[in-house]
Amino acid sequence: MSEGNAMSIRIIKIINDIIKNDHELQEFTIIPTEDNTRNKSPVLYEEHNLGLESWCIKHVYEYACSVLFSQRKQLSRTPHSELEKLNRILIVAILINPEVGTFWNMKRELVEKDVLNTDDELYFSKIVLSHKSKSNEAFAYRRWLLSRILNKMAANHMAFPTHFLQAEFQVVHMASTKCQNNYHSWNHRIWCMENILTYNHNISQIVYSELNYSQEWINEHVSEHTGYHYRQYLIKLVKEHKRIVSIYESFYNFVVKSLLKTSNDGDWRNLLDYLLGKPNRTRLLEETCSYVNYISILLYDLFILIDQINEIYPEHEALYSHRKFLIHHLLKAPHDYHGSEFKSKFNSEILQLADGRNVTDSGAPDRSTKPDPSDNKLKMSVKQDDYVLYEILSTCERNFAAKNSNSMQLGRYRKWSKHVMGFE
Amino acid sequence: MVKLYCISILYKDTTYATWLKSAFDLQSFSFFQRGSVQEFMSFFCKTIVERTIPSSRQSVKEGEYMCHVYVRHDNLAGVVISDHEYPSRVSHTLITKILDEFAAKIPAVNWPTLQERDVTFPQLNTYLTKYQNPKEADAMTKIQEDLDETKIILHNTIQAVLERGEKLDDLVNKSEGLSIQSKAFYKTARKTNSCCSFT
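Chains V and A, in that order, are what the protein sequence lines are. Taken in order, the first sequence gives residues 1 to 424; the numbers are from full-length UniProt numbering. Taken in order, the second sequence gives residues 1 to 199; the numbers are from full-length UniProt numbering.
Do not take every clue at face value.
[Stated by the list, open to error] Which residues of chain V face chain A? A partial, calculated answer using Cβ under 10 Å: (1) Ile31; (2) Leu44; (3) Glu47; (4) His48; (5) Asn49; (6) Ala159; (7) Gln166; (8) Glu220; (9) Pro314.
[Unchecked claim] Restricting the straight-line Cα-Cα distance to at most 27 Å, the calculated cross-link-like pairs of lysine-lysine (DSSO-like) are: (10) Lys418/V <-> Lys345/V; (11) Lys3/A <-> Lys178/V; (12) Lys135/A <-> Lys403/V; (13) Lys178/V <-> Lys97/A; (14) Lys73/V <-> Lys40/V; (15) Lys126/V <-> Lys167/A; (16) Lys61/A <-> Lys134/V; (17) Lys324/V <-> Lys135/A; (18) Lys332/V <-> Lys415/V; (19) Lys13/V <-> Lys152/V; (20) Lys135/A <-> Lys178/V; (21) Lys324/V <-> Lys418/V; (22) Lys61/A <-> Lys178/V; (23) Lys167/A <-> Lys61/A; (24) Lys187/A <-> Lys40/V; (25) Lys134/V <-> Lys3/A; (26) Lys403/V <-> Lys151/A; (27) Lys183/A <-> Lys58/V; (28) Lys20/V <-> Lys134/V; (29) Lys134/V <-> Lys187/A; (30) Lys135/A <-> Lys257/V; (31) Lys257/V <-> Lys332/V; (32) Lys178/V <-> Lys183/A; (33) Lys187/A <-> Lys58/V.
Hints listed in this document are in silico derivations from the structure and should not be mistaken for laboratory results. All of these numbers come straight from a predicted model, not from anything done at the bench. The beta-carbon is built from N, C-alpha and C at its ideal position, and this holds for glycine as well.
Work the whole structure out from these sequences, hints included.
Given below as structure tokens:
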């Protein structure tokens, strides 16, 4: 046993030295091996990559656990000098098994005691993520560290620097690339957007570059639902965020020049009047701006992004889901803009059921095409077919159906379109 | 992820296949595992070619990987290994194109005796890089039109390609092309029930 411990201590020392001295470490891996046949050190280190052979894991982890759990209770009374030693064992224990919350909590205590600094810890958790890219504990730890930094900055009235956000996004990108459909990493990205954005003045710019990033990502990961979900989050953010006040030219120009074939007359408010039927001057300028961006991006995705992907990679369910999102939001947009309530066919039928009205009657009026009585009072009623956007959508859907008539997904999609949206 | 991992050209003697040229892109694999992944991909290329009859095409799905193979009537064979998102149609046209070029450059009489290190066909690496983006396939429309997809035999596991009584585990154990380390990889991957996925 003591011989095993001596070996474990040596391995822990080697790994710690490497992590301490190399600030460009790319990844950590556990390498499966049968047994210690070669009588060599199990720690491999090449070109900024760190590997640990699996035969020694059992011994090292056993040793680390025995030390850590015996120290856990008296952590608050342990002298400062001992804590650093403890951290060395923690590092290896977490690398081997990042799913143990107790280890991470011990690290949190060490950070609070100023034994560890946040920069080193962000670096360490990045290495953990290179090994286990779906480790929720590692992401939670990063969020905890970032919150500490954010709180400190907010207390000093400092803006959150953009490069910090970029660094975080790079870590997220690595984790998303290593594991497909990495729900944890995309969630982390959204968390960053939500928390860091409030401290940053550059929102318009950041959201725009994220839109471009997500487009690039989707082009390379055509069936990953997580990537589309992130884009949908961004699109909704564009619509709702009050501080995005610049027009995203590339999307806007696509709609004006390529889709509508009109010249850009400079006043982007005209676009909304044209697409959505009639002007709503009660809207604030920045709200109008949000709507121009929102509708432009939706149209761009519908006509360019997923159309191109669908041609090369047919039959991907994720594409059809994104299409549903786009159509739903494009149908809903005019209602939102004019302040009337949008009811899809499905919703209105549910309401009818609740009202006890007859829905089996095929002649029953399609309520989604008729405005609510309450809207009539407000004189904001918009019939579904009297604005240009509706025409554009129905032509687009017809063409899409004709082009993909062989697709196995199309039938289901059409059913959704007809029965849920009430859209032909 | 849309990704091409490997393109390989082989020559199939009646039952035995030899490698003529291979190209790999394994950047997305963990650094210390690339060697083993490469050995395994080569191993699968050979195994599958040996079990494909001349003038036929097969596509084999194994986990998140797709392996496409085409053995020509003259026993020249091509294999493409990609992920599951990469369009199969593009993979098969790419094989046709590469084999045509290879046959034009290196005379058929030499194929049975050639060693991989003696073959100069650097285009293979260029293609591997270029066709990471399947949009490049537009350039191959002519071949694409000739490709009859209904004739491609599709298998859902590599086990389905093996002959009766053969087991993948035994083949791996017996293989001389796989190092002890790679075999250990294979066993671990098997245990976690995800063959070839060493992550």
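Results for each hint:
1. Ile31: 5 Å, holds
2. Leu44: Cβ of leucine 44/V sits 6 Å from chain A, so the hint holds.
3. Glu47: 7 Å, holds
4. His48: With a minimum Cβ separation of about 9 Å from chain A (threshold 10 Å), the hint on histidine 48/V holds.
5. Asn49: For asparagine 49/V, the interface hint holds, since the closest Cβ of chain A sits about 4 Å away, which is under 10 Å.
6. Ala159: 35 Å, violated
7. Gln166: 22 Å, violated
8. Glu220: This interface hint holds because 5 Å falls under the 10 Å limit.
9. Pro314: 8 Å, holds
10. Lys418/V <-> Lys345/V: Distance ~8 Å between lysine 418/V and lysine 345/V Cα, so the pair holds.
11. Lys3/A <-> Lys178/V: Holds, at roughly 13 Å.
12. Lys135/A <-> Lys403/V: 19 Å, holds
13. Lys178/V <-> Lys97/A: It is violated: about 31 Å lies between the C-alpha atoms, which goes past 27 Å.
14. Lys73/V <-> Lys40/V: 36 Å, violated
15. Lys126/V <-> Lys167/A: Violated, because 40 Å separates the two Cα atoms, which is more than 27 Å.
16. Lys61/A <-> Lys134/V: Since the Cα atoms of lysine 61/A and lysine 134/V sit roughly 25 Å apart, the hinted pair holds (cutoff 27 Å).
17. Lys324/V <-> Lys135/A: The hint holds at about 25 Å.
18. Lys332/V <-> Lys415/V: This hinted pair holds, its Cα atoms lying about 19 Å apart.
19. Lys13/V <-> Lys152/V: Violated, at roughly 33 Å.
20. Lys135/A <-> Lys178/V: Between lysine 135/A and lysine 178/V the Cα gap is close to 24 Å, so the pair holds against 27 Å.
21. Lys324/V <-> Lys418/V: 12 Å, holds
22. Lys61/A <-> Lys178/V: Status holds; Cα separation ~21 Å.
23. Lys167/A <-> Lys61/A: 17 Å, holds
24. Lys187/A <-> Lys40/V: This hinted pair holds, its Cα atoms lying about 22 Å apart.
25. Lys134/V <-> Lys3/A: Holds, at roughly 21 Å.
26. Lys403/V <-> Lys151/A: 24 Å, holds
27. Lys183/A <-> Lys58/V: 20 Å, holds
28. Lys20/V <-> Lys134/V: 24 Å, holds
29. Lys134/V <-> Lys187/A: Roughly 23 Å separates the two Cα atoms, so the pair holds.
30. Lys135/A <-> Lys257/V: The hint holds at about 25 Å.
31. Lys257/V <-> Lys332/V: 24 Å, holds
32. Lys178/V <-> Lys183/A: Judged against 27 Å, a Cα distance of about 23 Å means the pair holds.
33. Lys187/A <-> Lys58/V: Distance of about 18 Å is within 27 Å: holds.
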